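**Q** Protein chains in written order, with the working numbering: chain A, 1 to 129; chain B, 1 to 146; chain C, 1 to 662; chain D, 1 to 264.
Among the clues, some could well be false.
Said to hold, decoys possible - If the Cβ cut is set under 7 Å, some of the chain D residues that face chain A in the computed set are:
no. : residue
1   : Lys14
2   : Gly44
3   : Gly49
4   : Arg156
5   : Ser207
6   : Met208
7   : Phe219
8   : Leu230
The set of hints was computed from the structure by calculation and includes no laboratory data. Just so you know, these numbers come straight off a predicted model, no measurement behind them. C-beta: ideal position from N, C-alpha, C; glycine also.
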Amino acid sequence: MTKAEKQAEEIREISGSDPWKCMKCGKCSASCPSYDEMDIKPHQFVSYILQDNVEALAQSRSLWKCLSCFACVERCPRDVQPGRLVDAARQLVVRQRGQDYLKADEIPELLDPELPQQLLVSAFRRYRR
Amino acid sequence: MSIANESFRPKIVAFCCNWCSYAGADLAGSSRLSYPADVKIIRVPCSCRVNPMFILRAFERGADGVILCGCHPGDCHYTTGNYYTRRRMTLLFSMLDFLGVENGRTRVEWVSAAEGVKFSATMNEFVETIRALGPNVRLGDLRCRS
Amino acid sequence: MQRIGVFVCHCGSNIAATVDVKKVVELVRMEPGVVWAEDYPYMCSEAGQSRIAEAIRTQKLTGVVVCSCSPRMHEATFRKCAERSGLNPYMVEIANIREHCSWIHKNTEEATEKAVILARAAIAKVNLNTPLQAGESRVTKRALVIGGGIAGIQTALDIADAGYEVDIVEKTPSIGGRMSQLDKTFPTLDCSACILTPKMVEASANEKITLYTYSEVEKVSGFVGDFTVDIRKKARSVDMSKCTGCGVCQEKCPSRKTPNEFNRGLNTRSAIYTPFAQAIPNVPVIDREHCIKFQTGKCGVCAKVCQAGAIDYEQKDEIITRKYGAIVVATGFDMIKLDKYGEYAYEQSPDVITSLELERIMNAAGPTKGHLERMSDHRPPKNIVFIQCVGSRCADERGKSYCSKICCMYTAKHAMLIRDKYPDVNVTVFYIDVRTPGKNFDEFYRRAVEEYHVNYIKGQVGKVTPQPDGTLLVHGVDLLDNHQVKIEADMVVLAAAIEPNPDVRKIATMLTASIDTNNFLTEAHPKLRPVESPTAGIFLSGVCQGPKDIPETVSQAGAAAVKVIGLLAKDKLLTNPCTAKADVLACNGCSACANVCPYGAISYEDQEVRAPGVREIRRVAVVNSALCQGCGACTVACPSGAMDLQGFSNRQMIAEVDAICR
Amino acid sequence: MKYSYYPGCTLKNKAKDLDTCARASAQALGVELEELSDWQCCGGVYPLGSDEIATKLSSVRALAQAKEKGQALVTLCSACHHVIKRVNDDMKHVEDVRDKANRYLQLPEPYAGETQVLHFLEVLRDQVGFDTIREKVVKPFTGVKIGAYYGCLLLRPGKIMAFDDPENPKLMEDFIRAIGGEPVLYPYRNECCGGYSSLKEKELAGSMSKTILRNAEGFGAQMLITACPLCQYNLNQAPVDLPVHYFTELLAEALGVKEEVQGH
């Protein structure tokens with residue numbers, strides 16, 4: 001098993017999603033509110049995993065644009081639920097140290113007086129180890 | 001047969017009704033879904049044909065597990081046969097359990113003609129259970145032992 | 001002692017590659033009763049069968065065991081072969097060493113060992129077999145068709161054409177079914193009513209056909225050739241012999257708020273109604289739930305205006321009991337409910353409709369008189385979006401796992417008809433795949449694109465959001481261009497999945513016909529016996545067996561009719577001789593067996609019982625072998641062991657158990 | 001009616017109104033909310049990775065505490081509800097998570113998802129009943145057109161959250177009717193507000209919130225209600241003049257207990 005295959009396998013395991021069930025209908029991409037921000041679109045995520053192309057996913061902007069709104073999870077007619085694959089890929093990246101999307105020193109300038117604690121907590125959890 | 005030094009190979013009798021489960025077993029075969037050779041199937045017209053005597057006889061003759069397969073409730077070819085089976089076997093199995101033949105050794109399962117996958121999975125699982133339980137020592141007729 | 005011959009089949013390499021057939025032959029020779037054993041590459045072949053026949057004659061065999069494929073495949077073949085050679089066919093048993101052995105095991109040693117054990121069990125059974133004679137039962141030369149859609153009508157017409165009586169039972173007030181709701185049909189675009197109505201008229205005029213409309217099958221008993229069926233004729237509240245079909249009652253009826261089922265609820269109808277103008281019979285029914293007279297007692301307008309005096313508020317449901325030789329199920333389909341697809345806003349917006357609703361809107365006799373308009377404000381739409389595969393091809397519990405098969409074609413038809421009649425209207429179709437197998441089907445779809453410039457986009461729609469201005473914003477995706485598509489539509493049409501008529505479960509249970517997980521009726525063989533149910537005497541016609549379009553339905557309807565005719569042409573049927581039999585010496589007439597018999601095949605009579613030291617008249621069980629289907633329920637219920645099943649006797653079963661556990 | 005109550009961090013700080021109004025209303029409705037003694041932050045987002053354990057533990061602690069008291073666990077913040085409900089589902093159905101969490105926490109008694117997790121809105125619907133609320137309302141929002149904003153976290157994934165129809169919910173609309181208001185149905189009520197992207201992707205979140213507000217406004221809404229502090233923040237950041245309140249604020253006001261709260 002090559003490293004790429006191993007990583008793809010790991011993503012499938014972490015996500016608990018079965019990309020082979022995908023019938024490429026695109027309902028995930030049609031539902032995604034951050035679609036325009038993403039370089040790799042939700043339905044492409046599934047294909048990338050099937051092709052063991054984890055390297056591209058790890059470099060992808062899409063990891064940080066997914067909002068975990070679960071629209072694709074709810075609507076996927078094939079139970080593939082691409083949102084879970086996106087999150088698994090994100091986990092794979094943030095678990096490697098130094099890959100955090102959010103650095104602690106950036107925080108002060110991002111704050112505003114109204115900002116709820118929930119936002120900081122959520123962003124921290126999603127964006128860094 | 002030489003079972004001298006091999007690991008435990010259970011004897012398992014499976015009664016399958018002609019209309020659903022036997023066809024399900026055929027489907028498992030034509031789909032090449034394997035299960036251990038320890039399972040031997042006896043064809044009956046309906047699961048309700050299986051007299052508790054047959055099951056007692058199997059254990060007496062050294063079977064380690066007996067499984068009964070019939071049509072799903074509501075789908076019986078004879079309308080109600082599997083309901084009789086369900087009731088009869090509930091009684092029989094609890095009695096057998098009382099006599100020391102553990103509940104894991106007896107089982108009723110509904111397998112339709114379309115469920116080759118289920119048939120194979122059920123048999124694999126059942127054989128696993130029996131292997132874990134080991135040889136059946138209760139009810140065996142000592143005169144039958146070689 | 002029996003003289004048994006064992007015949008081991010290689011099935012080419014299907015068996016021989018895994019099972020050491022020579023070794024099986026060698027080992028079974030040592031079994032009690034076996035006087036002959038041989039192997040051959042294809043036992044079922046002409047040559048194989050003649051070897052069996054030869055051995056029966058030369059070895060004077062009294063029993064035969066064939067180790068081969070499943071008895072469901074070739075038991076009948078080998079039994080016929082034995083019969084031709086002068087051996088009772090029920091002296092033949094099959095050891096299934098293919099499906100239950102060679103195909104599922106890899107290890108030759110294990111497979112061979114198992115094959116030998118299976119052969120032993122069969123040999124042990126044959127040692128106890130006795131010759132059985134198949135009985136005969138008579139065939140009632142009349143067929144019943146359940147469902148009066150195009151499938152049922154065509155089957156009935158074909159059966160009647162061969163000269164047999166046939167009854168159609170239809171639940172709604174008129175025959176015609178789904179096809180009567182359609183506007184045009186693909187791929188020829190001829191008008192549905194124009195080709196269906198003549199068939200409906202033909203069915204009602206044919207003297208061999210009896211129509212029971214507004215009726216339902218209530219009870220079925222009996223078996224192939226001799227079914228007894230109770231049909232409930234629901235009270236129409238209108239005397240069919242008096243009504244002239246003038247329609248005045250419907251015009252004058254003051255209760256007009258009931259959703260019109262025929263128009264899929266897009267408009268309303270009166271409480272006394274015929275579903276559509278060409279209804280057959282053209283006799284209205286009173287929907288008692290919505291009738292003012294039945295609900296409050298005060299009204300009776302219809303009775304007052306009826307010149308023929310046909311209105312009968314006192315009419316009662318009537319049960320008709322009839323005998324049939326064969327039953328055809330033609331219960332058809334409906335569209336799935338869309339309440340679980342909130343993202344498509346079907347329940348939120350009247351301008352999101354199903355394809356069948358569009359069919360009614362396009363129809364000249366429909367709620368809009370054939371004008372394409374939005375149901376919310378009756379304005380003509382400018383942008384129509386079609387969404388495919390709504391609830392089809394789903395792995396989740398919201399939808400169906402199968403492809404509904406007809407949607408790609410009817411959507412192309414709708415798109416084309418709209419573009420043809422209203423060239424200014426933009427039509428967009430979101431599809432996952434366009435599936436057009438069928439004669440002239442792909443050409444038809446291509447015409448929609450090439451000639452009519454329908455905009456096909458590969459990708460599914462995520463959500464339809466109704467906007468404050470009344471438009472519907474469709475959020476889709478174009479997977480080929482890889483961008484999201486947002487279309488401001490003013491009408492959205494959903495190709496909802498089709499599903500078998502929900503009543504079919506109840507009917508299948510009455511018929512003991514098997515049904516799959518999607519509620520489609522199961523065929524006896526998916527390829528080779530597609531119009532028969534595994535239950536003898538039950539036949540399948542139309543979508544109750546699987547999704548189909550009209551041409552396919554009509555072909556299947558004809559095929560089912562041929563099967564029925566083949567059955568009804570026989571005067572007698574051979575019955576299964578594997579029936580229960582009571583040993584009068586052991587029977588004490590306790591009734592335990594009769595209580596569990598699902599066929600009412602067991603009765604009791606006083607018989608003189610004679611045995612050494614016994615001579616008395618006793619009440620004993622008697623099995624009617626024409627009614628007994630051989631399930632064996634009684635044999636287990638019998639407390640004295642008097643009841644036994646021929647062909648599967650207690651001794652035979654125990655011999656098999658012993659052989660396996662040896 | 002006595003419940004364990006898990007407020008969550010934001011409700012102790014920026015979203016105090018959500019919390020205090022709920023408590024006052026609960027009291028007025030005869031519901032006792034008993035705050036867990038030492039709850040910890042839920043983490044804000046549910047860890048989707050099936051091998052994540054550590055990030056689920058704080059929820060398990062809260063759940064186990066409620067179980068010990070024999071009470072259902074009530075939450076207010078959508079995010080807390082989402083996380084705790086899903087972790088509870090894992091504890092009930094995913095053997096691996098259950099084993100690992102129990103081994104780590106060494107609770108007096110192993111926890112296996114026994115606690116019932118309820119959102120306060122579910123308590124209002126199923127335990128108190130909207131009819132009862134209607135009777136107790138003293139200052140109804142008569143004639144006020146109110147849009148419910150559900151967001152994502154309460155509804156999805158529908159199978160686990162089992163809150164309402166995830167694509168066409170009606171719970172909050174029924175709530176609005178109960179307090180005398182007129183619910184406004186608009187299709188974006190279950191679309192994402194931008195969530196945590198507003199920290200680094202302000203434009204993205206802003207445009208999404210704007211779409212939601214414009215749509216609600218178009219359908220005639222005079223205000224929106226929500227159960228989520230982050231949704232409220234995001235929606236309020238958008239340049240649309242449509243007030244967004246917590247549903248508990250309106251409830252307290254309708255029940256006539258709002259002043260009390262502000263008096264404190």
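**Q** Decide, hint by hint, whether the structure agrees.
**A** Hint-by-hint comparison with the structure:
| no. | hint | result |
| --- | --- | --- |
| 1 | Lys14 | holds (4 Å) |
| 2 | Gly44 | holds (4 Å) |
| 3 | Gly49 | holds (4 Å) |
| 4 | Arg156 | holds (4 Å) |
| 5 | Ser207 | violated (9 Å) |
| 6 | Met208 | holds (6 Å) |
| 7 | Phe219 | violated (20 Å) |
| 8 | Leu230 | holds (5 Å) |
Checked against the numbered hints given earlier, the structure breaks hints 5 and 7 and satisfies all the rest.
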